[in-house]
Amino acid sequence: EMHQYLDNDGSGTSDVCVSNTIGASRLADATAWLQSTGQRGFLGEIGAGSNTACIQAVFGALCSMQQAGGVWIGVSWWAAGP
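Quick note on numbering: the sequence shown equals residues 1 to 82 in UniProt numbering.
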């Protein structure tokens, strides 16, 4: 189980995302590890602001998880914060 916030320092304290592709980028190493070790992962929290860039970043993360060959078994969207 992992957590991922898409702001600059990964803390979830800002509503500004690094980029609209940061979601997929930040999950890439975890996805590769899950695939190489035969493990399955759950993203217990993903969080981002409600602006266009952040919405695109979350969408990108979810799409990358869906396209990862079944190594991700689910995700919970963290809706509190900025």
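For the record, the hints were derived by calculation from the structure and aren't laboratory data. Just so it is clear, CB atoms sit at the ideal spot from N, CA and C, and this is done for glycine as well. There could be a bad hint or two in this list.
[As the list claims (entries may be wrong)] The calculated label-pair distances, taken between Cβ atoms and stated as ranges, are:
#	residue 1	residue 2	range
1	W33	D9	15 to 25 Å
2	W78	T52	13 to 23 Å
3	G10	G74	12 to 22 Å
4	V16	E45	11 to 21 Å
Going through the hints against the structure:
About 22 Å separates the C-beta atoms of W33 and D9, a value consistent with the hinted range of 15 to 25 Å. Between W78 and T52 the Cβ separation comes to about 19 Å, which falls inside the hinted range of 13 to 23 Å. For G10 paired with G74, a C-beta distance near 21 Å keeps the hint of 12 to 22 Å intact. At roughly 18 Å, the beta-carbon separation of V16 and E45 lies within the given 11 to 21 Å, and the hint holds.
Violation of the numbered hints given earlier is absent; every hint is satisfied by the structure.
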